[in-house]
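K.L.:
The whole structure should be built from the sequences, with the hints applied where relevant.
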Amino acid sequence: MSTLHTVNKSPFERSSLISALNHLRPGDALLMLEDGVVGARKGSAFAGLFESAAKGCGIYVLGPDLAARGIAEGDVIPGAKLVDYGGFVDLVTAHQRTQAWL
Amino acid sequence: MKLGILVNEGPYTHQASDTAYQFTKAALEKGHEIFRVFFYNDGVNNGTRLTVPPQDDRNLQKAWSELAEKHKLDLVVCIAAAQRRGVLDEGEAKRHGKDAHNIAPGFRISGLGQLVETGIAADRLVVFGD
Amino acid sequence: MAEVEAPQVDTGIKKKFMFINRKAPYGTIYALEALEVVLISAAFEQDVSLAFLDDGVYQLLKGQNTTGIGMKNFSPTYRALGDYEITKLYVEQESLDERGLNPADLMEITYEDENEDFAKKPSLRIVGRSELTEIMAQQDVLLNF
Numbered sequence: 001m002s003t004l005h006t007v008n009k010s011p012f013e014r015s016s017l018i019s020a021l022n023h024l025r026p027g028d029a030l031l032m033l034e035d036g037v038v039g040a041r042k043g044s045a046f047a048g049l050f051e052s053a054a055k056g057c058g059i060y061v062l063g064p065d066l067a068a069r070g071i072a073e074g075d076v077i078p079g080a081k082l083v084d085y086g087g088f089v090d091l092v093t094a095h096q097r098t099q100a101w102l
Numbered sequence: 001m002k003l004g005i006l007v008n009e010g011p012y013t014h015q016a017s018d019t020a021y022q023f024t025k026a027a028l029e030k031g032h033e034i035f036r037v038f039f040y041n042d043g044v045n046n047g048t049r050l051t052v053p054p055q056d057d058r059n060l061q062k063a064w065s066e067l068a069e070k071h072k073l074d075l076v077v078c079i080a081a082a083q084r085r086g087v088l089d090e091g092e093a094k095r096h097g098k099d100a101h102n103i104a105p106g107f108r109i110s111g112l113g114q115l116v117e118t119g120i121a122a123d124r125l126v127v128f129g130d
Numbered sequence: 001m002a003e004v005e006a007p008q009v010d011t012g013i014k015k016k017f018m019f020i021n022r023k024a025p026y027g028t029i030y031a032l033e034a035l036e037v038v039l040i041s042a043a044f045e046q047d048v049s050l051a052f053l054d055d056g057v058y059q060l061l062k063g064q065n066t067t068g069i070g071m072k073n074f075s076p077t078y079r080a081l082g083d084y085e086i087t088k089l090y091v092e093q094e095s096l097d098e099r100g101l102n103p104a105d106l107m108e109i110t111y112e113d114e115n116e117d118f119a120k121k122p123s124l125r126i127v128g129r130s131e132l133t134e135i136m137a138q139q140d141v142l143l144n145f
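Chains A, B and C are the protein sequences, given in the same order.
According to our numbering, the stretch in the first sequence is residues 1 to 102, in order.
According to our numbering, the stretch in the second sequence is residues 1 to 130, in order.
According to our numbering, the stretch in the third sequence is residues 1 to 145, in order.
I should point out that these hints are in silico values taken from the structure, not numbers from a laboratory.
Mixed in with the good hints there might be a few duds.
Facing chain C, from chain A, some residues (calculated, C-beta under 7 Å) [to be verified]:
hint: 1; residue: Arg14
hint: 2; residue: Ser19
hint: 3; residue: His23
hint: 4; residue: Arg69
hint: 5; residue: Gln99
hint: 6; residue: Ala100
hint: 7; residue: Leu102
For glycine and all other residues, C-beta sits at the position ideal for the given N, C-alpha and C.
P.N.:
Okay, structure coming up:
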């Protein structure tokens, strides 16, 4: 029974990404959306967190929010998968519950 | 699946209502059923018909009203949160001696129990907030 | 507080609802309006629990005095939760530690266990982060504000 964790704020603005990463279980998924996509950019101060904290979890980024903020797909941390709103819906249905880290 | 949507922020100031709208649209396109969209906290402000947003950008209230009409969605605005923030239907306006009401078409005002019921009845509940 | 509305349909379904509180009180309305949902949920006979982590632990601090800010002090409401049979308030240990707080700083919140001659028992359960993660993973519905 897995959980989809959503993070909608930049880690530079709010600690919600850190909190989410601190509460992951193997098999869970983490989706960054809205300003949260800032946390998915390669080379940021937070990029290193994903390596250890996200073991065994799927890391996703909402593509439309990335594009809106001018972040190119190629500039996303390795291993993160891009999804659109349809993909977001699929993530919600694939996992038993959704936890919004606001 | 049956999905429940909770929108905790008003239009424009936060992206929450936009994201919830796009998510809801995508879910419907995939053939899922939307059990209810519940508007709480500042989310009740999505349900006022008095907004006049700029013409060259999206009209969130109209978008929700139209989506609701097209797909027979149940858009519920929480009565307690609405009272706090001044979103009223005709009955509420009369009840509280207010000289106007402003609820948008397609939205209805009801109690928090409708949110709890959504959690019980839906297969998934997704929260959109700040 | 909002009126309690009885459920329209007795579905017979009992789900595990967890209300997650991560923000300090008064700076935003989320703590108060989340509590209003908790109180309504009591009428629906679901398995309701609350989690307090990150700044949410501040909602439970004793000695809240709001006269200076002109807002209603709603912290006594947490102490009434036991009367609504909401008896599981999980508090994350690491969130306390990070803030220099300890359990003695928190309000005394109890419930009466009808299975044990109405003995008074603590509703606050201080749990470690990994234990709270496991508890969250057992829930059916997670509500965040």
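K.L.:
Work down the list of hints and note, for each, if the structure agrees.
P.N.:
Against the structure, the hints come out as follows:
no.	hint	verdict
1	Arg14	violated, 10 Å
2	Ser19	holds, 6 Å
3	His23	holds, 5 Å
4	Arg69	violated, 23 Å
5	Gln99	holds, 5 Å
6	Ala100	holds, 4 Å
7	Leu102	holds, 5 Å
In terms of the numbered hints stated before, the structure departs from hints 1, 4, listed from lowest to highest.
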